[in-house]
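Asker: Protein chains in written order, with the working numbering: chain A, 30 to 301; chain B, 30 to 301; chain C, 30 to 301; chain D, 30 to 301.
Among these hints, one or two may not hold up.
Given that identical chains are not distinguished, each listed pair holds provided it fits within a single copy or across any two copies.
With a straight-line Cα cutoff of 35 Å, these simulated DSBU-like cross-link-like pairs (lysine-lysine) come out [unchecked claim]:
| hint | residue 1 | residue 2 |
| --- | --- | --- |
| 1 | K228 | K115 |
| 2 | K198 | K182 |
| 3 | K135 | K115 |
| 4 | K62 | K228 |
| 5 | K182 | K228 |
Simulated from the structure, these hints should not be mistaken for laboratory data.
Number of protein chains: 4
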Amino acid sequence: MRDVQSERDSRRISIDRVGVSDVSYPIVVLDQKENIQHTVASVTMSVSLPHEYRGTHMSRFIEVLGEFQGRVTLSSLEHITEDLRKILDAECAELDFSFPYFLLRKAPVTGIASYTRYDVTFKATKGDVFDLVTTVVVPVQTLCPCSREISEKGAHNQRASVEISVRMKGLVWIEELVEIAEKNASAPVYTLLKREDEKFVTEQAYNTPRFVEDVLRDVAVALEGEERISWYRIRVTSNESIHNHNAFASLERDKTRSAEGRAECLPGGAGK
Amino acid sequence: MRDVQSERDSRRISIDRVGVSDVSYPIVVLDQKENIQHTVASVTMSVSLPHEYRGTHMSRFIEVLGEFQGRVTLSSLEHITEDLRKILDAECAELDFSFPYFLLRKAPVTGIASYTRYDVTFKATKGDVFDLVTTVVVPVQTLCPCSREISEKGAHNQRASVEISVRMKGLVWIEELVEIAEKNASAPVYTLLKREDEKFVTEQAYNTPRFVEDVLRDVAVALEGEERISWYRIRVTSNESIHNHNAFASLERDKTRSAEGRAECLPGGAGK
Amino acid sequence: MRDVQSERDSRRISIDRVGVSDVSYPIVVLDQKENIQHTVASVTMSVSLPHEYRGTHMSRFIEVLGEFQGRVTLSSLEHITEDLRKILDAECAELDFSFPYFLLRKAPVTGIASYTRYDVTFKATKGDVFDLVTTVVVPVQTLCPCSREISEKGAHNQRASVEISVRMKGLVWIEELVEIAEKNASAPVYTLLKREDEKFVTEQAYNTPRFVEDVLRDVAVALEGEERISWYRIRVTSNESIHNHNAFASLERDKTRSAEGRAECLPGGAGK
Amino acid sequence: MRDVQSERDSRRISIDRVGVSDVSYPIVVLDQKENIQHTVASVTMSVSLPHEYRGTHMSRFIEVLGEFQGRVTLSSLEHITEDLRKILDAECAELDFSFPYFLLRKAPVTGIASYTRYDVTFKATKGDVFDLVTTVVVPVQTLCPCSREISEKGAHNQRASVEISVRMKGLVWIEELVEIAEKNASAPVYTLLKREDEKFVTEQAYNTPRFVEDVLRDVAVALEGEERISWYRIRVTSNESIHNHNAFASLERDKTRSAEGRAECLPGGAGK
Numbered sequence: 030m031r032d033v034q035s036e037r038d039s040r041r042i043s044i045d046r047v048g049v050s051d052v053s054y055p056i057v058v059l060d061q062k063e064n065i066q067h068t069v070a071s072v073t074m075s076v077s078l079p080h081e082y083r084g085t086h087m088s089r090f091i092e093v094l095g096e097f098q099g100r101v102t103l104s105s106l107e108h109i110t111e112d113l114r115k116i117l118d119a120e121c122a123e124l125d126f127s128f129p130y131f132l133l134r135k136a137p138v139t140g141i142a143s144y145t146r147y148d149v150t151f152k153a154t155k156g157d158v159f160d161l162v163t164t165v166v167v168p169v170q171t172l173c174p175c176s177r178e179i180s181e182k183g184a185h186n187q188r189a190s191v192e193i194s195v196r197m198k199g200l201v202w203i204e205e206l207v208e209i210a211e212k213n214a215s216a217p218v219y220t221l222l223k224r225e226d227e228k229f230v231t232e233q234a235y236n237t238p239r240f241v242e243d244v245l246r247d248v249a250v251a252l253e254g255e256e257r258i259s260w261y262r263i264r265v266t267s268n269e270s271i272h273n274h275n276a277f278a279s280l281e282r283d284k285t286r287s288a289e290g291r292a293e294c295l296p297g298g299a300g301k
Numbered sequence: 030m031r032d033v034q035s036e037r038d039s040r041r042i043s044i045d046r047v048g049v050s051d052v053s054y055p056i057v058v059l060d061q062k063e064n065i066q067h068t069v070a071s072v073t074m075s076v077s078l079p080h081e082y083r084g085t086h087m088s089r090f091i092e093v094l095g096e097f098q099g100r101v102t103l104s105s106l107e108h109i110t111e112d113l114r115k116i117l118d119a120e121c122a123e124l125d126f127s128f129p130y131f132l133l134r135k136a137p138v139t140g141i142a143s144y145t146r147y148d149v150t151f152k153a154t155k156g157d158v159f160d161l162v163t164t165v166v167v168p169v170q171t172l173c174p175c176s177r178e179i180s181e182k183g184a185h186n187q188r189a190s191v192e193i194s195v196r197m198k199g200l201v202w203i204e205e206l207v208e209i210a211e212k213n214a215s216a217p218v219y220t221l222l223k224r225e226d227e228k229f230v231t232e233q234a235y236n237t238p239r240f241v242e243d244v245l246r247d248v249a250v251a252l253e254g255e256e257r258i259s260w261y262r263i264r265v266t267s268n269e270s271i272h273n274h275n276a277f278a279s280l281e282r283d284k285t286r287s288a289e290g291r292a293e294c295l296p297g298g299a300g301k
Numbered sequence: 030m031r032d033v034q035s036e037r038d039s040r041r042i043s044i045d046r047v048g049v050s051d052v053s054y055p056i057v058v059l060d061q062k063e064n065i066q067h068t069v070a071s072v073t074m075s076v077s078l079p080h081e082y083r084g085t086h087m088s089r090f091i092e093v094l095g096e097f098q099g100r101v102t103l104s105s106l107e108h109i110t111e112d113l114r115k116i117l118d119a120e121c122a123e124l125d126f127s128f129p130y131f132l133l134r135k136a137p138v139t140g141i142a143s144y145t146r147y148d149v150t151f152k153a154t155k156g157d158v159f160d161l162v163t164t165v166v167v168p169v170q171t172l173c174p175c176s177r178e179i180s181e182k183g184a185h186n187q188r189a190s191v192e193i194s195v196r197m198k199g200l201v202w203i204e205e206l207v208e209i210a211e212k213n214a215s216a217p218v219y220t221l222l223k224r225e226d227e228k229f230v231t232e233q234a235y236n237t238p239r240f241v242e243d244v245l246r247d248v249a250v251a252l253e254g255e256e257r258i259s260w261y262r263i264r265v266t267s268n269e270s271i272h273n274h275n276a277f278a279s280l281e282r283d284k285t286r287s288a289e290g291r292a293e294c295l296p297g298g299a300g301k
Numbered sequence: 030m031r032d033v034q035s036e037r038d039s040r041r042i043s044i045d046r047v048g049v050s051d052v053s054y055p056i057v058v059l060d061q062k063e064n065i066q067h068t069v070a071s072v073t074m075s076v077s078l079p080h081e082y083r084g085t086h087m088s089r090f091i092e093v094l095g096e097f098q099g100r101v102t103l104s105s106l107e108h109i110t111e112d113l114r115k116i117l118d119a120e121c122a123e124l125d126f127s128f129p130y131f132l133l134r135k136a137p138v139t140g141i142a143s144y145t146r147y148d149v150t151f152k153a154t155k156g157d158v159f160d161l162v163t164t165v166v167v168p169v170q171t172l173c174p175c176s177r178e179i180s181e182k183g184a185h186n187q188r189a190s191v192e193i194s195v196r197m198k199g200l201v202w203i204e205e206l207v208e209i210a211e212k213n214a215s216a217p218v219y220t221l222l223k224r225e226d227e228k229f230v231t232e233q234a235y236n237t238p239r240f241v242e243d244v245l246r247d248v249a250v251a252l253e254g255e256e257r258i259s260w261y262r263i264r265v266t267s268n269e270s271i272h273n274h275n276a277f278a279s280l281e282r283d284k285t286r287s288a289e290g291r292a293e294c295l296p297g298g299a300g301k
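This is chain A alone, in the form it adopts within the complex:
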């Protein structure tokens, strides 16, 4: 049977990435308490393709995925990307796993537990070196300092999200990033709150007004001070309750580069 993909290509154009995307697959991840968590990932897998090959062999991505039986850990991410490089004879392999991750959280007063969902992405790239970006999206609440200041009573508040991406020098657990995000918002959100808890959270938010700029900066201070983190990107998005659009703030810092700490005016900025 002819292998069309392996034929020579004469257009002299190497391809940055070729692969499969939006593969929905059951995976297992390890949490901080060493427990196994079953979840469902959206997977993207790709390699670079030298100019002389017409195509890559897409089925091999899924074969490699199957071989790891859905076990997603820091070491398996490096192994999978390394396997992809070898099997597909590529200079570079990349892997994205995006999945919901649940933590059992206690309501602040009654202590009743319920699961909160966090959205996690691992983006692993393997060329000469291995690179891993871990992202977690944490739902929180923000309460507007301006609205509180100028209004006689009340203050508009709303659901917001804190997206933290990091590169690590030492292991940082998802649970730690979640805690940084929740501590620096006006209040966390919970799946289950009894009335005493609702009173607590309402007052906590009222007493902790935060612009998206505030949340962003406080999270940045925490990440800047964490030695295990070498690079980070933060985006805080607030689903403004007085508008039908969102407010957001974002920044990106590479601690390994010059320490100016100044935002550059590059297209895309810290965002996309």
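Given chain A's structure and the hints, the job is docking chains B, C and D onto it.
Answerer: Same frame as chain A, but now just chains B, C and D:
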């Protein structure tokens, strides 16, 4: 060229609906001030198919759509469905246009105007009689009465939506349904608010606490009292700022049926 | 602490459904081989509310959800809805679990296994009686009979989906509904196919041309003949590869009603 | 009234971007034939924020948007970003308009016209210099060369999309980018095709088999040869009809940099 669709089918199964969906098309609609509004619709068009035909002719849906040059009015909806019935020799034709609709709204104190988006759907069905369901989704704010009552200061509030669907005996403008939804929430949302407006809206919401149940009932009272409306369905959904999930309430009433006003325990209820 | 929700309401409007929606929660389901499958559900829970109460107690939905520790089976669905009715003193309780469900499937020639994702929904309603609608969405391939017939070579084909909803008199497994959908399409889809498999599937589809109308009717014949099913609704949607929109066909049949088998021209038809 | 946003901030963290996102707004754009096209945009507007300010004034974004009355042209994009910089006293301003854009297209044999939707984004950044990235997503059809080669009859084909982003030295119309994408796929897609057209398109695709890698490279050749384009990024995504996931290929080239034309193994590659 063989007409496969027109061949006889022997399975003896008539089809309720066959057609095209998710057709993105530019349309023009008329607003209450008799102005033309250009927008973009997601269109679904279908007919019933008798058991003896193998298939329908899908291209004719798009041809009919083109003939009307995107003009969507109450009378064109009836004409389009009637044309579909004739051209496709069908007992029944159905048409859905879903589109964003913009109204210029003034901020409550400064009076500065900006556009607010409302999502509108016309669902037209033509069999022996013509039936039209008009739906509008209105973004609003809700402020929780319980949170306000039990907390020393503040109250959680959030973006919410009021979805109103109606069948009419007399013409009711989208603008009128928008007004009913906005009047009965804790506060409307606006695209542009200056600080004075923000103070006003924050206080308005604090002084008008509303559960989703409250908004639902007040909207129901308004629709019940409106003689031009013969049937309605309401769904209020609140993006709770203390949770990462929503609260909702829904009901459906047919004024032409028995006036019990009692919720039936039928699967699906008023919602879906 | 004041219980605002329990206060009397004077608007005399009973509410069909009030509750929580879009709750993301980890669940476990049992598959046909008696294995446990961990997955993530989007959950909606609601009750009817008599006219005299101002509101329902939303936190109790989540408490009930927690008590069942995410175990979703036919019997737990009845228990949860019955518990909700009692705890919230409601005539009617409703529960929706929507979740991805994975089956290990073998490629047709090489037999290599990979997971395919199916989207399942259980909608349980408990009033005087218990009602359950099970829905599964099955990705498949359709190849156009008209395109094949009129073209010298090739035929357009595309990814499509078969959505089957049923009410049961006897237990029907999700796996059985999946099989009915896949058997009656032009070909199934697979996550992993080697070249021999790709050849097989391409030829299978070419030799099994199917309009959405054909898939719909063949699935209907299978469901009609299955005694354990008392009611069904089918929707076949094809992501036409020659258009940027979809073709669809839908029907709904209640075997317990008159056996005319004729499509009625009611608004909404079999669809939504 | 206190201006909380203007207060001094002591955290010494400058912010890359702060602003509003997901603002839905009616806009008008100019097409190549000098006609005005009304459409609906999703708008993001942001500025950089020096470390000494606590917050930005979000309402001013919407005011600036309103002043331009939705007129989106190359020159208005530069004016809007420049205005934002001045009004908000920022080093850097950024603006994203994403909107559906329609072109009237003729079916290949019958010549009957219908609208095809293309998704366009303008991303404008203004610091010391003005930067503009124009992106258009073009729906097309791909037919698999491997499937065609190894199968006795037929070949799997599917809807795909070609996303082209460019920076320009001279004006390139959206219509030109659309043409480049459609010419280099297996076939374009059309909203309206009669049977003669369907035959043509089916045969055209069968006679023009293309991997995502092929489409990517042919589009790259065209963009490389176009002097008005100084930088480009391409992503081709194919909704594989034999799988429930996608195949994709991507690359990014900056003509102003070294002419190696080799893919680098940087995280994210050409994509995101």
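Asker: Which holds for K182 with K228 at a C-alpha limit of 35 Å: within a copy, between copies, both or neither?
Answerer: Classified as both: same-chain Cα gap 16 Å, cross-chain 9 Å, threshold 35 Å.
Asker: Evaluate K62 and K228 at a C-alpha cut-off of 35 Å and name the case that applies: within, between, both or neither.
Answerer: within (31 Å within a copy, 46 Å between copies)
Asker: I want to check one pair: K198 and K182. Are their C-alpha atoms no more than 35 Å apart within a copy, between two copies, both, or neither?
Answerer: neither (47 Å within a copy, 43 Å between copies)
Asker: Pop the pair K228 and K115 into one bin, within, between, both or neither, using alpha-carbon distances up to 35 Å.
Answerer: between (57 Å within a copy, 26 Å between copies)
Asker: How would you label the pair K135, K115 (within, between, both, or neither) given a Cα cut-off of 35 Å?
Answerer: between (46 Å within a copy, 26 Å between copies)
In summary, the one numbered hint that this structure violates is 2.
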